[in-house]
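Trainee: Each protein sequence line maps, in turn, to chains A and B. According to the numbering used here, the first sequence holds residues 1 to 638 in order. According to the numbering used here, the second sequence holds residues 1001 to 1379 in order.
Errors might be hidden in some of the hints.
Sample of chain A residues at the chain B side, in silico, Cβ under 7 Å [as the list claims (entries may be wrong)]:
id: 1; residue: R21
id: 2; residue: I52
id: 3; residue: R105
In short, the hints are calculated from the structure, not lab data. Think of the CB as a built atom: it goes at the ideal place given N, C-alpha and C, for glycine as much as any other residue.
As a plain string of letters, each chain reads:
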Amino acid sequence: MRPRRATLKDSEQQARIFRRRSVLAALLVLIMFSGLIGRMVWLQVVQHDIFITRSDKNRMRVEPLPPNRGLIFDRNHKVLAENRPTYNLTLVREQAGDVGQTLQRLIDILGLPEDQREVLAQRSRERLRSYEPALLLSDLNEDQIAKIAVNRYRLPGVEVEAQLIRYYPDGEWMSHVLGYVGRISQEDQQRIDTSNYAGTHFIGKTGIERFYEDELHGHAGVKRVETNARGRALREIDRTPPQPGKNLTLTLDSRLQKLGHDLLKGKRGAIVAIEPATGAILAMVSEPGFDNNKFVTGIDTKSYAALRDDIDMPLYNRASRGQYPPASTVKPYMASAGLEYGLIQPSDTVYDPGYYQLPNDSRRYRNWLRWGHGRVDMKRAITVSNDTYFFTLAHRMGIDRLSSFMHKYGFGEDHSLDVWGAGSGLMPSRDWKRGRYNQAWYPGETLSVGIGQGYWLATPLQMATAVAVMANNGKWVRPHLAMQVGDQEIAPPFKNTPDDIKLDNPHWWDLIHDAMENVMSGSEGSGRASGRNLQYRMAGKSGTAQVFTLGQKEKYNASELEERLHDHALFTAFAPVDDPKIAVAVIIENGGGGSRVAAPIAREMLDAWILPDMKSSEEAQRHARKNESTAQQIATGD
Amino acid sequence: MMMDYWQRVYRRSRRQYQRLNWRTLHLDPWLLLALLTIVTGGLIVLYSAGGESTYLVEAQALRFGAAFLIMLLIAQFSPRTMQRFAWFFYVMVTLMLVAVDVIGTHAMGAQRWLTIPGVIRFQPSELMKLAMPMTIAAYLSRRVLPPGWLDLLVCLLLMGVPVALIANQPDLGTSMLVTASAVFVILLAGLSWRFIAVCGGLGIAAMPLLWFNMHQYQRQRVLTFLNPESDPLGAGWNIIQSKTAIGSGGIHGKGWMQGTQSQLEFLPERHTDFIVAVLGEEFGLIGMAVLMSCYLLLIWRGLYMANQAHDTFGRLLGGSLILTFFVYVFVNVGMVSGVLPVVGVPLPLISYGGTASVTLMAGFGMLMAVFTHHKTTPR
C-alpha cells in the first residue's frame, strides 16, 4: 500500500526546507547573472576597442584597382600599343547551383563541341573558393556575348567579364622595339613594388614596355569594400582611384619602320635610322620579327620553343643587340682621327700596289681590289674604300690612339638613352686584349681594326649613332626612342652625353662628308649604283664584313652553312649632306657586298624620309628589287 | 416570476463573471507578462538575425502561439493528475528514446529524431526534460524528506537510463539539462549538505571518466573553449566571432539590423544558438542588461510560484523546471560570451527552433498549474 507517512507537520517542514533552498537558489541566480553581466561589461566596455577593430577588420577588405596602362604612339600619333577590351566568360560556383547543368546549357547555347564539357568542368573547379569567378572561356566574340546575354536567366553564376589586355596592332615589325608585356613572374616581383602591382597582371618584359614600365604602368588605386563572411564584396565603402599610366609618344615613324620591315623581308638584318640633330630614332628594324601579341596572354611552350630555336633567331633584336664588325663603314671616322692626330693631310697620297706590308714583315695585307688602286689620297681612299690607305694610317696611329678616338664615336659603349638591353659592342685595345686573352697586342691586329674588322664589333644602333655624329660634324646627341612621356618632352640635352668630337680644322668634316658624298655620286664611288637620280645630296659608306665564326648553337646542313659563311653587307649613310635630316645604318647578315645589297636599302630609307611623299611600301619594294638588279650588274666591291 | 427568473440569471452570470479571474483560468499574469515580453523582444532580434526574413519571424510566432496554447492547456491539469501520470509518461518517453537509438532519424551527425511518417517528427529527448523532473518529484514527494541514501540511489537510476540514452545520440546539451532538472528536484527536496558535498566530490572525481567517454567533437569543443585562438578559422571561429560581435556592440549597440558581424554572416548560427550575440551587437550592454533583467524577474517569479504550490510534488516540480530554465539561459549566454564551452543549448524563448520552445512553454504551463490549483481534496 501507499506509504502515508507524510504528516501535516512534515509537509510544513518540507515547505520550509524548500523555501530556504529556493531563496538560496534565487540568490545564486542573481549572482550568476551578475557574473554574466560582468562578462558583458568586460567585452562591451573594457575590451570594446579591440573588438570594434576586429569586427571592422572582418568586414572591410581593401581591393586594389589596377591602373590602365599607358598607350604607346609613334611620332605621328599612330597607336603602336593599345589596351584591347576582351570579354571573358566566368563562373561563380557559389551562385551556379548545379554546375554540371549550367555547363551543359552553356555548351548548348554556344554550340560548343561536346568534348568541351570536361574542359569547362575542369576550369570551373580551378578556383579554390566558390565565390571567386573561375575563367571558363576567354576572348569571346560578339555573337557569343549576344547569345549569353539572351540566355542569361538560364545561366546562374555565369558572367561576361570585361578585361583590358595589351594589343600591338603592328606586332610583326614593332615587336623588337616595343617589346611586350607578359604575366608577372617571380623574377619580376623582385624589381617591383608589389603593392602597386596588386591588381595588375602584366608587366613590361622587354623593349620600350620594359624601359618605361614605371611610367606606363601608373599607380594602383584601392577601394575598400564591405564583405560578408564568405568574402563576397557587398558594397563599396570608399575608393582612391588609380592613376593611369602615362601615354608614351615615340620618335619612331611607323611608316619608315614598316618600310624597313618590307625592305628586309626574307632577309636577316637590321636597320637603324636616326635624326642627327635630335638623336631621335626614326626606325629600328630587326628581321625576322615575331608577333609580340602572342606573348601577352602567355605563349604556349611549343610555339615559344619554335621561336627560340629558330635558326634565324626572330626573338633577337639585331638592331640594338646584334654585334657585327663595322667593316669599311668606319673609314670616314678613321680619316677624321688621322687628320686630328696630324698623321695625314687630306692631299697626302699612299701608293697602293694591291697590298700592304708591315716594315720588316713579309706578310701581305691585301686590298680588296687585288691589283690595287694605285695612288690614293684621303678622298679617293674613302670613295673606293681603299684598304691599303687605311692599313697605312692605322699603322701610323697605333692601336691606343685608334681605340681611344673610336670611343669618341661611341664604339665600345652603349650611349643610347632608353633602348632596353642595347649592346655595347667591342672596341678592342691593348688593355682589353691583355685582360681577355692575356696576350700582347700585335701590330698586324691594328691593321685589321683599322678597316673595322678583327676584334672590333658594333651594333647597328652604334653604327647609326656614329654616322649621325659624323653628319653632325662631331656633335653628340644620345639616340633615344621616347619623344614624350605623359606631358614631358624628351629632348636634348641629355645627361651623360659624350663629349663632342672636335677637329683642329672644322673644314676637315666637310672634306670627309665630300668623300662620303662621292661614294654615292662619284664615278668611282662604291655606292654609285644606289646613288643614281638623287634628288638631294647623300653621303654614304659601304662595308662588307667577313664572317669568321659561326654562332655556337647553330646546326645546319651544307647549303645553309655555305649561305651563312657569306659576308655581312653593311651600309651607313646620311642626307642631305648640307643639312642632315636622317642618318641610317643597314646590315644584312650574309648578304654579300655592302654596296650591292645594303646600299639600295639605305637609299630607300633616305628617299622615304626626305622626299615629300612617303611612298607606299609596295612601291618601295618594287624599287628595292629594281635597284638590286642594277647594282648586281655594276658589281662593285669595297 | 419572469422578473425573478431574469434576476436569478443575472446573479448567476455575475457570480460566474466574478469567479473568472486569473486563478480560475489557472494562469499567472506576471509570468505571462515576462514571457510575452521576452518572446516579443526575441522576435524583433530574430527579424534582424534572420536577415530581415519575415518567414522566420512568422514561423517562430506561429510556433510560440501554438506553444502558448499548449501552456494554457497544461496549466488546466491539476498537479495531482500530473503526479499520477508521471510514471507512465516517464516509461513512454524512455521507450521512445530506445526507439530513437534503433530507428531514429539522423540529422547533423546525431540521431535525435523520431519520425512517424506523415504525422510528426520530434525529439523524445525534449519530452524527457518534462518527464524527468515530474518522475523524480513524484517519487520523492511520496518519501520521507529529506531523501536518504536509498532514495538517492533510486533517483540516480531513474536519471541515469534516459540521460545515458540521450548522451549516446549524442546530445550533450539536452542530457546535461535533463540531469540538471533531476538534480534540482533532489536538491530542493532537501538533500543534506553532507550528501551534496560527497556527491560533488565524486562528480569532480568522475570528470576524467567523462572526458574519455566524450565524442571527438565534444572534446574539441572543450579544447576550443580553453583556447579559441588555437584554431581561429575552424573550431574557434564561432566563439571568436560571437565575442567580436558582442564586444563590438559596446554600451549602446550598433543599432537594430546594423550589426556587421551578424548582417554580414560572420556570426554562425546567428538565429539559433548564437542569437544573443546579435542582441549584444545591435543593442549593446543596455540590451543585454534588459534581457538579463527580464530573465531574472521571470525566474524569481517562478521560484515564488513554486513556493506557493500546495503540495510537495508541485513545489519540487515547479522549482526544478524554473531552475532548469535558468541553466538554459546561463549556459547559452555563458557559451556565447566565451565563459563556458560551446554546448548546443539554445537561448530559451528567443532562439529559433521547434521542439525546445514547445517543451519550455509546457513547463511554464506546469508551473502555472502547481501555482493555481488548490488542494481540492486533502490528502
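Trainee: A separate judgement is required for each hint: does it hold in the structure or not?
Mentor: Consistency of the hints with the structure:
1. R21: holds (5 Å)
2. I52: Holds - the Cβ of A/I52 comes within 7 Å of chain B, reaching about 5 Å at its closest.
3. R105: Given a least distance of 29 Å, the restraint on A/R105 is violated.
In summary, the structure is inconsistent with hint 3 from the numbered list given earlier, while agreeing with all the others.
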